[in-house]
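Enquirer: The chain contents come next:
There are 2 protein chains.
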Amino acid sequence: MDKAALFKISYGLFLAGTATEEKENACIINTVMQVTSIPARVTLALQKRNLTHDLIIKKGSLALSILAQDCPLDTIAAFGLKSGRDVDKFLNVKYKTDGNKNPYLESESTAMLSLSVFDSRDMGTHTMFFCDVLDALLFNDKKPITYDLYRELKSGGKTEAAAISSAKKAEWVCSVCHYKYDGEIPFEELPDSYVCPVCKQPKSVFVKV
Amino acid sequence: MDKAALFKISYGLFLAGTATEEKENACIINTVMQVTSIPARVTLALQKRNLTHDLIIKKGSLALSILAQDCPLDTIAAFGLKSGRDVDKFLNVKYKTDGNKNPYLESESTAMLSLSVFDSRDMGTHTMFFCDVLDALLFNDKKPITYDLYRELKSGGKTEAAAISSAKKAEWVCSVCHYKYDGEIPFEELPDSYVCPVCKQPKSVFVKV
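First to last, the protein sequences are chains L and S.
The letter at position 64 of the first sequence is residue 64 when you use this note's numbering, and the numbering goes up by one with no holes.
The letter at position 183 of the second sequence is residue 183 when you use this note's numbering, and the numbering goes up by one with no holes.
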């Protein structure tokens, strides 16, 4: 099995935000899809280790910001690579809230969905949430950022041709969160104790692509 | 609620192929996502009205071709707009089969996943299938086609700027299958008996975008 084949599934990039009485938090996710139109329902998967995961279970609702192509990479990093257990992610961030007081970003997004969880399913490392779309706002006609474009921009905003050419060089990617190793030391020479800096999985989950 | 906001969720484009003893069939889907990496599991949603839906339930497995950016639009139309109840979709098509004898396309794809259904969930108009990844093949370093790019190419391969400019003109889109109405008669003047030519939903499900 070539696990790199799984990286070919396309995704968008979203901010899942929720607020309980104690804590307001949000994290970046890519695994979102609409399942039915009548009624409008979407499903999304969140890692159990995320604080946002626990808060969504408590609250039963969330606001989903559909990030636009011009969303600053710093914003994605701030919400995606830090934990709400350590920092207040919304400190100094301009945001709005939906009808359930869940936070979303408007100027970084192209649209927003206000979601209510009607069921969930335990998937081991992740939980899938099944949601009714309570409200949906379209902000502009910007294109949504895809996870693929985000990774391309993050690696230096290469043109498509350059990205394809550099893709021919072997790279080590975390099979869990798709973090691309970019350290100075060749990946093979890293100690066995190395863990993914993003999702903390062991070195053994990395695959060569 | 502005249902056009839901169109901002990004998807890839896939061929879901399966073969029972009686019938070999496949259809185009966009709603696929990986849920966990350990073990490798994906979920996908299929309309109940599709023949492929019934065949997957019967077989319990499928091959998922992850279509590449250069997949001919005719191939997507042939598998997406016709029903296996009326035609043999694989007639005159060069294809391969996975370990479960399920059909997939290699030269039109960038990768292939061989999937085994371990559970399903009734979602009204659709069924969600939860699958183990039995095998995964990476064919090349082509980019996967996104549903967004497919719609752009289908409407004449406009450049991004042209697409954005034309997007400012109101268009009527089926909220179920995202078919864009392109008839001569203004949409508002169509009879109430009009149905979406792709998914057969009534005129009332169309939204102005």
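To be clear, the hints were calculated from the coordinates, so they are not data collected in a lab.
Possibly wrong hints are sitting among the right ones.
Which copy is meant is left open, because identical chains are indistinguishable; a pair holds if it fits in one copy or across any two.
Stated by the list, open to error - Derived DSS-like pairs: lysine-lysine, alpha-carbon spacing no greater than 27 angstroms straight-line:
| hint | residue 1 | residue 2 |
| --- | --- | --- |
| 1 | 180 | 101 |
| 2 | 96 | 3 |
| 3 | 154 | 101 |
| 4 | 23 | 101 |
| 5 | 143 | 208 |
| 6 | 48 | 208 |
| 7 | 143 | 180 |
| 8 | 59 | 143 |
| 9 | 154 | 58 |
| 10 | 48 | 200 |
Enquirer: For each hint, tell me whether it holds in the structure or not.
Expert: Right, here's what the structure says about each hint:
1. 180 to 101: Answer is neither; intra-copy 35 angstroms and inter-copy 35 angstroms both fail.
2. 96 to 3: Intra 39 angstroms, inter 20 angstroms, cutoff 27 angstroms: inter-copy only.
3. 154 to 101: Intra 31 angstroms, inter 40 angstroms, cutoff 27 angstroms: neither.
4. 23 to 101: Intra 12 angstroms, inter 51 angstroms, cutoff 27 angstroms: intra-copy only.
5. 143 to 208: Between copies, since 18 angstroms is at most 27 angstroms while 31 angstroms is not.
6. 48 to 208: within (26 angstroms within a copy, 38 angstroms between copies)
7. 143 to 180: For residue 143 and residue 180, both the intra-copy (25 angstroms) and inter-copy (17 angstroms) Cα distances are at most 27 angstroms.
8. 59 to 143: neither (30 angstroms within a copy, 38 angstroms between copies)
9. 154 to 58: Classified as neither: same-chain Cα gap 33 angstroms, cross-chain 44 angstroms, threshold 27 angstroms.
10. 48 to 200: within (13 angstroms within a copy, 39 angstroms between copies)
Consistency with the previously given hints fails for numbers 1, 3, 8 and 9, ordered from lowest to highest.
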